[in-house]
Amino acid sequence: MSTLTEKIVTVNDLHEERMELSMGPQHPATHGVLQCKLILDGEKVVSMDPVVGYLHRGKEKHAEHMTYQQFFTLTDRLDYLQPLGNEVGWALTVEKLAGIEVPARAQAIRTIICEFMRLSAHLVWAGIGGVDTGAVSMFMYAFRDRESLFDLMDELTGLRTNQEYLRIGGVGADLPPELVTRMQQWVAQLHGHIDEFEMLLTGNKIFHDRMRGVGQVSAQQAIDLGLTGPCLRATGVGVDLRRARPYLLYPQLEFEVPVGTRGDAYDRYLVRIEEMRQSAKMLKQLLDGLPAGDWIAKDFKNVLPPKGRVYTSMEEMIHQFKTVTEWCPPKGEVYQATEAANGELGFYVLSAGASHPYRVKIRSPSFINLQALKPMSVGSYFSDIVAIIASLHFIMGECDR
Amino acid sequence: MADVPANPSSSTSPAPAAPAVAAPPPPDPLIVAITALGAEVLPPTQDQLLAFRVERDEWPTVARALRREPQLSFEMLIDVAGVDFPKRQPRFEVVYHLWSLTWNKVVRIKVGVPEEDPQVASVVELWPTADWHEREAFDMVGLKFAGHPDLRRILMPDDYPWHPLRKDFPVEGIDNSISYVRAGGVLMTRELDVDRPAGQDRTPVDLSHGDPAGYSDGTPTLPEEGRA
Chain W
16 MSTLTEKIVT
26 VNDLHEERME
36 LSMGPQHPAT
46 HGVLQCKLIL
56 DGEKVVSMDP
66 VVGYLHRGKE
76 KHAEHMTYQQ
86 FFTLTDRLDY
96 LQPLGNEVGW
106 ALTVEKLAGI
116 EVPARAQAIR
126 TIICEFMRLS
136 AHLVWAGIGG
146 VDTGAVSMFM
156 YAFRDRESLF
166 DLMDELTGLR
176 TNQEYLRIGG
186 VGADLPPELV
196 TRMQQWVAQL
206 HGHIDEFEML
216 LTGNKIFHDR
226 MRGVGQVSAQ
236 QAIDLGLTGP
246 CLRATGVGVD
256 LRRARPYLLY
266 PQLEFEVPVG
276 TRGDAYDRYL
286 VRIEEMRQSA
296 KMLKQLLDGL
306 PAGDWIAKDF
316 KNVLPPKGRV
326 YTSMEEMIHQ
336 FKTVTEWCPP
346 KGEVYQATEA
356 ANGELGFYVL
366 SAGASHPYRV
376 KIRSPSFINL
386 QALKPMSVGS
396 YFSDIVAIIA
406 SLHFIMGECD
416 R
Chain S
59 MADVPANPSS
69 STSPAPAAPA
79 VAAPPPPDPL
89 IVAITALGAE
99 VLPPTQDQLL
109 AFRVERDEWP
119 TVARALRREP
129 QLSFEMLIDV
139 AGVDFPKRQP
149 RFEVVYHLWS
159 LTWNKVVRIK
169 VGVPEEDPQV
179 ASVVELWPTA
189 DWHEREAFDM
199 VGLKFAGHPD
209 LRRILMPDDY
219 PWHPLRKDFP
229 VEGIDNSISY
239 VRAGGVLMTR
249 ELDVDRPAGQ
259 DRTPVDLSHG
269 DPAGYSDGTP
279 TLPEEGRA
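Taken in order, these protein sequences are the chains called W and S.
Residue numbers in the first sequence follow my numbering, run continuously in steps of one, and reach 416 at the last position.
Residue numbers in the second sequence follow my numbering, run continuously in steps of one, and reach 286 at the last position.
Simulated from the structure, these hints should not be mistaken for lab results.
A hint or two may mislead.
As the list claims (entries may be wrong) - Label-pair distances were calculated between CB atoms; the ranges are:
#, chain 1, residue 1, chain 2, residue 2, range
1, W, Pro306, S, Asn162, 20 to 30 angstroms
2, W, Asp303, S, Thr160, 28 to 38 angstroms
3, W, Pro43, S, Glu183, 29 to 39 angstroms
Said to hold, decoys possible - To be clear about the criterion: a stretch of chain W counts as covered by chain S if any three or more of its residues have a C-beta under 8 angstroms from a C-beta of chain S, and this derived list gives those stretches:
#, segment
4, 71-83
5, 252-262
6, 378-384
The structure presented is a predicted model; accordingly, all values stated were derived computationally and were not measured.
For each residue, glycine too, the CB sits at the ideal point set by N, CA and C.
This is chain W alone, in the form it adopts within the complex (with noise of 0.2 angstroms):
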């Protein structure tokens, strides 16, 4: 009797033991390959260490062995999410660096492809973020939008993701009319389509006491760890780089950047359903007022010719041959910055005046922002890190590179 009475353990004992837990990198809601090394104390996160680096593929070795335009395959595979968002910050950097003027038209077609695809990782993240945060009804709203949205890049590119569309100089096929009213139907029909995802989310009493005050930051505190796109902007500070550092049309289209104010899980879940939003008012604009003219530049020293006229002309054949044997671009370095769905896309290129870069340095906004993961996470609790990594949304592909 007395040895059963003296090995009673009080709740305050249990309080002392600290528990290490790892989370991942095969956990569901670790949305991929992450594994973060917890401490626990109870259900209170006391340490939290991300562990990166398992998507880790040398993108940056192997772009120093590959030519520039080779390069578009592995942007795909960045953020496969946005895989022609990729792309266009690429396209950009090189066409930067070798002085290549872009058509209107094509620049056009690039802005709704980028917006297209803001909006596809958005879809993503609103259906994802449900399913981490027990909506799970939500996961099928988002993806029959998303669905819908990839029948459409199909129809223009021949795929439904990792397109590889864009060209050095414009894209790769032109968009033609028919597809373009498709669009606008899609677009059209989007409006109501988010106004079904708040009222299954923004009100919802559940998801509202998952999200509030969950993983909050100031607004110093982000400028400091270097967040950028959503994540930044929900904490009120209004940088989006469509208007700090504009790039293709985005000077000439009427839209708003949204921002939060407490800057917790659920005002960045708001600011991406407005961005959707604004998205989709941009998609009207750019689609309305399409411009007629040329989808790749004309200037086939440096462009590659499109296809149909390469099988059946001299003159672009030997074009094609000279610019995919033995293109270089001028010596030279370009930082080239796109706001891709999750923040600041940049692309550092060192040019050695070779057909290869001789160096490139992407600076990925998933990598940046899960840097704020370890921050936001401790002294919450546990159930909250699930909530934290659907806000901030990642993409371990775009991380680790």
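Position chain S relative to chain W; hints supplied.
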């Protein structure tokens, strides 16, 4: 009256001997402020960013001023890239891209780092985002950041012995289970192909790949001997 040298205080008419060429535009106050810190202005490249070279020893003070001085206020560190130039002296370069949200300006700062002592001051205290940037540069290029709180590998496994973004690292990688030979500054992989003739079992890696002769920007290069 006009040919009398005018008193600057009674400027009624401009001096007639004024040169016909237009006066150069006033220098950018940011350039003036950054060169006053001891940075050297680099010629503009295709992206027209302001670019500067900073000596390694001066980098901590320059970085502090860039972050803290109100007329500079570069609040955000966008990117840190380590670059390897095997034929240059110093061999490595750290390229920082800083963004001032106040002025909406991006500058590029280059700091040279020699191979013998590949170390540069960490800027984690000024820009906490530099934490992972610097870990990546350490992992990929092998640069050490003095004062970094936790300089570990980040993308490669912790026990990985090489720095893959160095130019002498072969793109096909080095199998950890195979021994490697470092000779003349070139990493060599031993081929497992037993049918290969003797003496050809080592494939030297071309150091000059992507770096044709002449790309040195006038900076002194290492003597060719000892390098493949």
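Cross-check of the supplied hints:
no., hint, result
1, Pro306/W with Asn162/S: 20 to 30 angstroms, "holds (29 angstroms)"
2, Asp303/W with Thr160/S: 28 to 38 angstroms, "holds (37 angstroms)"
3, Pro43/W with Glu183/S: 29 to 39 angstroms, "holds (37 angstroms)"
4, 71-83, "holds (count 7)"
5, 252-262, "holds (count 4)"
6, 378-384, "holds (count 3)"
Hint check: no violations occur; every hint is consistent with the structure.
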